[in-house]
Amino acid sequence: MGNKKNHPSSAHQPVNLSGWQPIFTIMKKICLLAFLLLGTQQLFAQDECGVWRWRQKLLLDRSNIDWFAIQPERATITELRNLKEPNEYSHTNLEDADMDRQADERRMVKMTCYVYDVKVNEKDMEYRLLLSTHKDGTGDKMSAWIPNPRCSSLNIYPYLKRKYADARYVADDIKSWNDAGYVVKVDLLAVPFWNMPCDKDGCTPTGIELHPVFKLKAYLPKTGGFRRN
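Be aware that the sequence shown starts at 1, since it is given in my numbering, and climbs by one per residue.
These aren't lab readings, by the way, just hints derived from the structure by calculation.
Since this is a predicted model, take the numbers as computed values, not measurements.
There are no misleading hints in this set.
Straight line, CA to CA, 25 Å or less: simulated DSS-like cross-link-like pairs of lysine-lysine:
hint, residue 1, residue 2
1, K119, K217
2, K185, K222
3, K175, K161
4, K175, K141
5, K185, K200
6, K222, K119
7, K200, K119
8, K119, K135
9, K175, K200
10, K185, K141
11, K141, K217
12, K185, K175
13, K123, K175
14, K185, K215
15, K200, K84
16, K135, K110
17, K135, K222
18, K161, K119
19, K175, K135
20, K110, K215
21, K84, K141
22, K200, K135
23, K175, K217
24, K161, K215
Pair ranges (Cβ atoms, derived):
hint, residue 1, residue 2, range
25, D61, A180, 32 to 40 Å
26, N155, T78, 35 to 43 Å
27, R150, P205, 27 to 35 Å
28, D201, A69, 32 to 40 Å
29, Y219, V51, 33 to 41 Å
30, Y157, P72, 16 to 24 Å
31, D100, K217, 24 to 32 Å
Ideal placement from N, C-alpha and C gives every residue a C-beta, glycine not left out.
Just need the whole structure built from these sequences, with the hints factored in.
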């Protein structure tokens, strides 16, 4: 038998990974970015607060307004829809996310109108009431929002937290009748708010809405509800 040639084992040969180094660096950056995005999503999910001008939406901004003592002003959906938006308010300017409370946002309004649907925002779990001027759900329309009382920023404001929880309790009853085909008459106290315009049902061309709803009273069908045609 002939002698076998001894070949050096590949297991003992050094592997040159220098060419892979840029790829490893990119992969590390991708993993880090994915980790940060996941952490941010979990943070917002746990926080359950809004993002854009959310301090104004929750009445937590430094406006020095005593919302529990302010005298409400009678208003209508049509009147609010015709308000002129602030001069410095740009729908495409992300810096408006920190825009101070505007003049029209410094008042509490009381309204009698009709709720033809109640939606839930999947991101922050806020309730959106779709309002109309007519008892059949037609006429001028706008949205009114009830904040999520589980937002962690409300933990040190228990009275506000209770206000929003009470309003949502009433909204739950309204939604059950909306789902059965009824439009429900309501009285509400709320604060006008400049939001981004949208083309969804209940939105306005200027972005004006009611945010937050401070108090909500419903006239359920047994006392004042109306079935859609």
